[in-house]
Amino acid sequence: MSDLTIGSRTYLQREKNPALPPPRLTSGPLAWVRQNLFSSIGSSVLTFLFLALALWIIPSLIDFAFVKAVWSGDAATCRANLDGACWAFIRDKFDYLRYGSYPIDQRWRVDVTEVVGAVLIFWLLWNGAPRRNVAALLFFIVYPILAFVLLRGAPLIGLPVIDTSLWGGVLITLLMSVIGIVFSLPLGVLLALGRRSQMPIVKAACVTFIEFVRGVPFITVLFMANFMLPLFVPDYLTPDRLLRPMIGTALFSAAYMAEVVRAGLQAMPKGQYEGAMALGIGYWPMMRLVVLPQALTTVIPGIVSTFIGLFKDTTLVAIVGIADFLRTVETARLDPSWAGPTISPTGYLFAASFYWVFCFGMSRYSQRTERRLSKGRKH
Amino acid sequence: MLKFAAGLLGLAFCAGATFAQAGTLDTVKGRGQLICGANTALAGFGIPDSSGNWTGLDVDFCRAVAAAVLGDPTKVKFIPLNAKDRFTALQSGEVDVLSRNSTWTSSRDNQAMLFGPVNFYDGQGFMVRKKQNVSSAKELDGASICVQQGTTTELNLADYFRTNKMKYDSVAFQDEDTVLKAYESGRCDALTTDSSGLYAERLRLTAPDDHMVLPEIISKEPLSPAVRQGDDQWFNIVRWTHYAMLTGEELGVTSKNVDDMMKSENPDIRRLLGVEGDQGKGFGLGNDWAYNIIKKVGNYGEVFDRNVGEGSPLKVKRGINALWNKGGLQYAPPIR
Chain C
1 MSDLTIGSRT YLQREKNPAL PPPRLTSGPL AWVRQNLFSS IGSSVLTFLF LALALWIIPS
61 LIDFAFVKAV WSGDAATCRA NLDGACWAFI RDKFDYLRYG SYPIDQRWRV DVTEVVGAVL
121 IFWLLWNGAP RRNVAALLFF IVYPILAFVL LRGAPLIGLP VIDTSLWGGV LITLLMSVIG
181 IVFSLPLGVL LALGRRSQMP IVKAACVTFI EFVRGVPFIT VLFMANFMLP LFVPDYLTPD
241 RLLRPMIGTA LFSAAYMAEV VRAGLQAMPK GQYEGAMALG IGYWPMMRLV VLPQALTTVI
301 PGIVSTFIGL FKDTTLVAIV GIADFLRTVE TARLDPSWAG PTISPTGYLF AASFYWVFCF
361 GMSRYSQRTE RRLSKGRKH
Chain R
1 MLKFAAGLLG LAFCAGATFA QAGTLDTVKG RGQLICGANT ALAGFGIPDS SGNWTGLDVD
61 FCRAVAAAVL GDPTKVKFIP LNAKDRFTAL QSGEVDVLSR NSTWTSSRDN QAMLFGPVNF
121 YDGQGFMVRK KQNVSSAKEL DGASICVQQG TTTELNLADY FRTNKMKYDS VAFQDEDTVL
181 KAYESGRCDA LTTDSSGLYA ERLRLTAPDD HMVLPEIISK EPLSPAVRQG DDQWFNIVRW
241 THYAMLTGEE LGVTSKNVDD MMKSENPDIR RLLGVEGDQG KGFGLGNDWA YNIIKKVGNY
301 GEVFDRNVGE GSPLKVKRGI NALWNKGGLQ YAPPIR
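Read top to bottom, the protein sequences are chains C and R.
Mapping of the first sequence onto the UniProt record's numbering: position 216 corresponds to residue 216, and the numbering continues sequentially without gaps.
Mapping of the second sequence onto the UniProt record's numbering: position 96 corresponds to residue 96, and the numbering continues sequentially without gaps.
Please keep in mind that the hints were generated in silico from the structure rather than gathered at the bench.
Misleading hints may appear alongside valid ones.
What the hints assert, rightly or not - Straight-line C-alpha distance at most 20 Å; calculated SDA-like pairs for lysine to any residue:
#1 K84(R) - T315(C)
#2 K75(R) - D240(C)
#3 K181(R) - F232(C)
#4 K29(R) - D163(C)
#5 K84(R) - P341(C)
#6 K77(R) - P301(C)
#7 K315(R) - R107(C)
#8 K77(R) - P341(C)
#9 K181(R) - F64(C)
#10 K84(R) - F64(C)
#11 K220(R) - N156(R)
Predicted model only: the values in this text are computed from it and were never measured.
Whenever a hint applies, use it, and build me the whole structure from the sequences.
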């Protein structure tokens with residue numbers, strides 16, 4: 001500081017500073033690679049390890065699934081080519097995997113039900129869609145009736161009754177999950193509210209139900225519903241073999257859903273409740289307009305993972321003799337006319353892709369919803 | 001919890017015993033449909049094909065019962081049952097007959113069930129590579145043998161080698177897929193399981209023709225349909241359905257020639273097909289009961305052939321399932 005004396009000109013610099021090197025790229029693919037993959041020695045090593053792993057697995061998988069696969073032919077064609085998947089087998093069994101034993105000339109009914117369902121779900125989930133409340137009404141009230149009439153049949157309008165023992169494949173998997181999802185959320189919300197209620201009996205009932213269901217493995221519930229129920233109730237009261245696990249699934253996931261929703265309710269600041277009450281809003285309007293919209297938004301990830309869990313849990317109904325999608329794959333691979341070393345890997349690969357597409361779809365949708373709903377809370 | 005479950009289970013069995021109603025025949029006739037407990041998926045015995053139709057020896061037996069009782073083999077509803085729930089389903093009255101490759105044992109007969117005639121004599125067998133030049137299980141001394149862990153198969157194997165004073169190395173795995181893979185990769189010289197499964201396993205190998213099933217059967221697994229106790233009329237119908245199919249084969253009556261056989265002079269055939277006598281009335285059925293079985297489902301030989309025998313991919317040899325006069329154990333009492 002001594003040379004900063006007034007009058008002296010030593011503080012003035014006469015030479016230009018040498019030009020600094022240009023800043024390292026902060027955008028563009030190269031910079032991204034450097035920052036994310038090779039930022040340190042440790043991360044470089046990990047990058048190479050994973051790259052090697054991917055190079056080891058992916059090419060052989062692609063080779064097996066596509067390049068060397070058999071796309072058409074019969075069991076002999078597949079046996080002649082043991083390096084590739086046998087998609088000809090899936091093609092032959094495709095209808096069985098979709099519908100199970102549903103009578104062939106009535107399968108259009110399943111198609112119609114699924115298409116209508118898909119359109120309604122799309123309408124309901126697509127944000128920009130007009131009149132989504134109509135969609136909700138159709139989906140939750142009209143659609144179940146339509147689906148029941150179409151799938152099961154109504155002799156009055158000329159649709160023969162198809163016994164549920166003939167249903168199977170993708171039909172069962174979708175049916176079980178849609179019913180589970182549609183029933184578990186409202187039931188779960190009610191149970192969660194009940195558990196936080198001030199009324200002792202309501203609270204006790206909800207707590208007992210939730211804790212009992214969560215304390216019992218799903219398989220046990222299925223076994224009880226399927227083998228014990230027919231022993232205790234008279235013939236005409238015994239629910240259908242497909243209905244039993246359906247009720248089980250809905251109640252089971254409702255209990256898990258209740259705990260997820262309760263987490264959201266607890267995350268609400270007390271001020272929200274107090275503010276609403278101070279304005280003189282009653283209990284139900286308060287929940288509907290103030291608390292639940294916020295609480296449910298907070299727990300979207302939890303709700304969706306419960307849904308995904310439910311979707312995959314539907315495979316458990318196979319143990320009570322219901323031919324869900326995975327069970328039909330199992331059955332198909334045991335067919336002696338298609339026996340061969342590549343049949344089982346092909347079947348399981350197909351099943352895995354099916355479940356992955358659905359679960360990944362659900363997870364992506366939830367991420368989008370989360371982002372959209374959290375916009376309002378970003379400051 | 002355990003006590004509670006045990007109590008429930010006990011209750012369940014009591015309930016099963018007391019509710020076993022009489023009059024299954026009337027129930028089935030009234031319903032217009034037979035409810036049959038089938039396997040979820042066992043190649044050759046009960047498995048849906050590519051268009052979803054059930055095929056197999058066991059499901060065809062149910063179709064035969066339906067043909068005898070209702071005159072129509074399609075009037076059957078198949079309920080796929082697992083090993084765990086099959087007997088409960090029968091005891092609770094959910095199925096009219098259980099035809100699901102179940103082994104007939106004394107303890108099962110004691111559980112309020114009656115097992116009918118054996119429609120498939122199964123038992124544990126061995127598969128080896130043809131190039132090993134082994135023609136009998138007795139030559140397997142010192143061999144390594146692939147077997148599924150924790151099954152009676154494993155115990156039978158040990159017993160067999162001990163009684164025959166032979167040595168072996170057991171290569172045991174948890175599930176059948178691994179067992180098969182180990183055998184295919186050469187970890188063991190032979191693979192053992194029930195012979196009904198052995199033929200299906202063989203087909204899943206890379207080159208099935210390089211492998212063969214040895215003739216010895218080292219355990220008794222008589223597979224038989226079962227009904228509830230306390231309904232003798234129904235039990236008789238189920239029993240004689242099988243006997244009618246056997247008699248058909250013995251007399252050379254097939255689904256193709258049965259109409260010509262109606263004109264036969266052979267008194268046995270005339271009684272079987274109801275041209276003479278009142279055999280069906282005694283069972284509470286029409287006199288064409290056996291005609292319907294053979295015409296619409298087939299005799300035992302035909303059913304065996306198309307589901308598990310030479311007419312199917314499995315190609316199981318008749319062996320002890322041949323008729324009694326052809327060196328097998330299948331024997332029907334006379335219909336008269």
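For each hint, the structure was consulted:
no.	hint	result
1	K84(R) - T315(C)	holds, 18 Å
2	K75(R) - D240(C)	holds, 19 Å
3	K181(R) - F232(C)	violated, 45 Å
4	K29(R) - D163(C)	holds, 18 Å
5	K84(R) - P341(C)	violated, 29 Å
6	K77(R) - P301(C)	violated, 43 Å
7	K315(R) - R107(C)	violated, 34 Å
8	K77(R) - P341(C)	violated, 33 Å
9	K181(R) - F64(C)	holds, 18 Å
10	K84(R) - F64(C)	violated, 37 Å
11	K220(R) - N156(R)	holds, 10 Å
Consistency with the previously given hints fails for numbers 3, 5, 6, 7, 8, 10, ordered from lowest to highest.
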